[in-house]
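Undergrad: Sequence:
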Amino acid sequence: MNAAAPPYPRTIRLGEGPPRDPPRALAQEQPVAFEFNGLAYAVMLATPRDLEDYAVGFTLAEGLAVSAEEIIAISIAPVDKGTIVRVTLPDARAQPLRERLRLRLVEGSCGLCGLESIEEVLRPLPRLTARPRIDAGAIGRGLAGLRDHQPLGRDTGAMHAAAFCDADGAILFAREDVGRHNALDKLVGAMMRAGADPRSGFVLLSARCSCELVEKTVRAGVPALVTISAASDLALSRARESGLTLVSLARADSALVMHDPHDLLG
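With this note's numbering applied, the sequence shown corresponds to residues 1 to 266, in that order.
These are computed hints drawn from the structure, not numbers from a lab. Owing to the predicted nature of the structure, the values given are computational and were not obtained by experimental measurement. Glycine residues also receive a C-beta, built at the ideal position from the N, C-alpha and C atoms. Among these hints, one or two may not hold up.
Pairwise CB distance ranges, derived in the manner of DEER restraints [what the hints assert, rightly or not]:
1) R100 - L265: 31 to 41 Å
2) V43 - S237: 41 to 51 Å
3) A194 - A130: 12 to 22 Å
4) R199 - E52: 37 to 47 Å
5) G195 - R123: 22 to 32 Å
6) D260 - E70: 27 to 37 Å
7) A130 - G63: 35 to 45 Å
8) A77 - R141: 16 to 26 Å
9) E70 - V43: 14 to 24 Å
10) D91 - A136: 41 to 51 Å
11) A130 - K81: 41 to 51 Å
12) R86 - A158: 20 to 30 Å
13) G145 - L45: 40 to 50 Å
Model the full assembly from the supplied sequences, consistent with the hints where possible.
TA: This is the structure:
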C-alpha cells in the first residue's frame, strides 16, 4: 500500500535558519478581455480586482481616450474562466479604434508592417511640464509605507504594487496586481476617477522599470517615477525624452537617480 502523499504546499530547508511560513493564499490570475464599443481589443492576464480602475487606466494608456470623462460606460461581466470588461467610448473615438484593429489584423498576416509597428510602439511621448516637488526624504517615507498598502502581497508573495505618493511621501492611492503594468493601470484609473492631480506627487512601483512603465507614467501626467528594481536602457531613454524624473533601485538605505532634469535629488 502506497504511503499517503505529503501535503502541499510544504517548506523545505535550503540552508541555516528557521524556514519561512508559506503564503496563506495563491495570487489570483485570469484572462481579462477588453472590448471597446463592441469590438474585441485585447486579452490581459490580471488579478480580477479593481477592474473599473483598470478599465480607465488601460483606456488612457492605450490612447483610446484622453481623459476619464470621455468614457461613457464600463461594464464588468464574469464569464467561464475569465472576465470581460466592456468600455463604451464616444463615436469620435470609434473610428481611430477601428483603424488600429484593422492594422493589427494586417500585421498578423504579413511581415511587411514591422517598421510601422515599431514606430507605433515608440511613438513620441508628451513633454512633462510639471516640476515634481519631491526630495530624498519623501522617497524614503513612501518606501517605508508601501508594505502597509500590500495586503494581497503579504498573503500571496506574488503581487506587484503601484502607489501614488504626495510631495511628502504619503501614499494617497495604491493598487495591486500580478502584473506590474496592470497594477499601474489600476492606480492611474483610481487617481483619475477620484479627480487627483497627477502633477502633485510621484509614482512608486515594486517592480523593475521597463519602458512601458515610464510611458504609462508620462501619459498619466505624473512627473516622477520611483521603482524598487533597476531600469532598462530604453526606460531611461524614454524618461530623458519626456523629462521624467526617474529613480530606480530604491531601498531603505539608498536609491539610484537615473534622470533628474530639475536637479531635485542632488
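Undergrad: Now tell me if each hint is right for this structure.
TA: Here is what the structure says about each hint:
1. Taking 31 to 41 Å as the suggested C-beta distance range, the pair R100 and L265 conforms, at roughly 38 Å.
2. Checking the proposed 41 to 51 Å range against V43 and S237 shows it is violated: the Cβ atoms sit about 29 Å from each other.
3. Between A194 and A130 the C-beta distance comes to about 18 Å, which sits within the given range of 12 to 22 Å.
4. Between R199 and E52 the C-beta distance comes to about 23 Å, which lies outside the given range of 37 to 47 Å.
5. Between G195 and R123 the beta carbons are some 28 Å apart, a value that agrees with the proposed interval 22 to 32 Å.
6. At roughly 33 Å, the beta carbons of D260 and E70 sit within the given window of 27 to 37 Å.
7. Taken as a hint, the range 35 to 45 Å is violated for the pair A130 and G63, whose Cβ atoms sit roughly 20 Å apart.
8. A C-beta distance of roughly 40 Å is found between A77 and R141, which places it outside the suggested range of 16 to 26 Å.
9. A beta carbon spacing of about 23 Å between E70 and V43 agrees with the range 14 to 24 Å that was offered as a hint.
10. Taken as a hint, the range 41 to 51 Å holds for the pair D91 and A136, whose Cβ atoms sit roughly 48 Å apart.
11. Checked against the hint of 41 to 51 Å, the C-beta distance between A130 and K81 comes to roughly 42 Å, which is consistent with it.
12. For R86 and A158, the Cβ-Cβ distance of about 28 Å falls inside the hinted range of 20 to 30 Å, so the restraint holds.
13. For G145 paired with L45, a C-beta distance near 28 Å fails the hint of 40 to 50 Å.
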